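Can you make the complete structure from the sequences, with help from the hints?
Chains A and B are the protein sequences, given in the same order.
For the first sequence, the numbering used here assigns the number 1 to the initial residue and increments by one for each residue that follows.
For the second sequence, the numbering used here assigns the number 1 to the initial residue and increments by one for each residue that follows.
To be clear, the hints were calculated from the coordinates, so they are not data collected in a lab.
A quick note: this is a predicted structure, and the numbers were derived from the prediction, not measured.
We treat Cβ as the ideally placed atom computed from N, Cα and C, and that holds for glycine.
Some hints here could point you the wrong way.
Quick list of the computed label-pair ranges, beta carbon to beta carbon [said to hold, decoys possible]:
1) A:Pro14 to B:Val12: 36 to 44 Å
2) B:Gly95 to A:Ser68: 40 to 48 Å
3) A:Pro14 to B:Arg82: 25 to 33 Å
The calculated DSS-like cross-link candidates involving lysine-lysine, where the alpha carbons are at most 30 Å apart (straight line), are [unchecked claim]:
4) A:Lys99 to B:Lys57
5) A:Lys42 to B:Lys18
6) A:Lys99 to B:Lys18
7) B:Lys57 to B:Lys18
8) A:Lys2 to B:Lys57
9) B:Lys57 to A:Lys42
10) A:Lys45 to B:Lys57
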Amino acid sequence: RKEVEQDPGPFNVPEGATVAFNCTYSNSASQSFFWYRQDCRKEPKLLMSVYSSGNEDGRFTAQLNRASQYISLLIRDSKLSDSATYLCVVNEATDSWGKLQFGAGTQVVVTP
Amino acid sequence: EADIYQTPRYLVIGTGKKITLECSQTMGHDKMYWYQQDPGMELHLIHYSYGVNSTEKGDLSSESTVSRIRTEHFPLTLESARPSHTSQYLCASSGGLAGVTYEQYFGPGTRLTVT
Numbered sequence: 001r002k003e004v005e006q007d008p009g010p011f012n013v014p015e016g017a018t019v020a021f022n023c024t025y026s027n028s029a030s031q032s033f034f035w036y037r038q039d040c041r042k043e044p045k046l047l048m049s050v051y052s053s054g055n056e057d058g059r060f061t062a063q064l065n066r067a068s069q070y071i072s073l074l075i076r077d078s079k080l081s082d083s084a085t086y087l088c089v090v091n092e093a094t095d096s097w098g099k100l101q102f103g104a105g106t107q108v109v110v111t112p
Numbered sequence: 001e002a003d004i005y006q007t008p009r010y011l012v013i014g015t016g017k018k019i020t021l022e023c024s025q026t027m028g029h030d031k032m033y034w035y036q037q038d039p040g041m042e043l044h045l046i047h048y049s050y051g052v053n054s055t056e057k058g059d060l061s062s063e064s065t066v067s068r069i070r071t072e073h074f075p076l077t078l079e080s081a082r083p084s085h086t087s088q089y090l091c092a093s094s095g096g097l098a099g100v101t102y103e104q105y106f107g108p109g110t111r112l113t114v115t
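Listed below in structure tokens is the structure:
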């Protein structure tokens, strides 16, 4: 079983709509959680860190559910430029030196 | 924008050649990483470093080697390139204290093709 699992999608979203998707992680001792965005053939870029209380950055909202071991990302008022692959990232719980586990990504396609 | 650089951005090379992929960061980060990613596939960690003179192999077996002589520089070397090494190689760095995981910042990547 992979440590970080994501629905690969694609999630086809009309422009202006809301889309949400989850990611599950297997190790309950994980402490750090992030969402990255990766455009086709580009490097991953940090979208936001995920805090226990949940956090919002403009149209993006991230939530952490420790009891069920998942994190979520919600995108409101989707723009064409939001089309990308969104990577769920969790620290390796047994590693205290900064290694991260990357999910395979959820593809989002925003259509006009 | 993260200050992490990779050269070359694209490289096409013949089988058997020795190559070095360069990675430098100006953020003073002590931790650096190399990932390999095939198109449409997930990232795989191949090497990492906690600081100068520290290097470790990652989760994915790789025939490459790395060195960390200076904090800002983390080059990756392939002694004898093969077509199976064709991939995108991404370098990343992160800062922070020991025992705390901070976000990683990625360079633009080197797209390697071995013919």
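### Query
What are the numbers of the hints that this structure violates, sorted from low to high?
2 and 3
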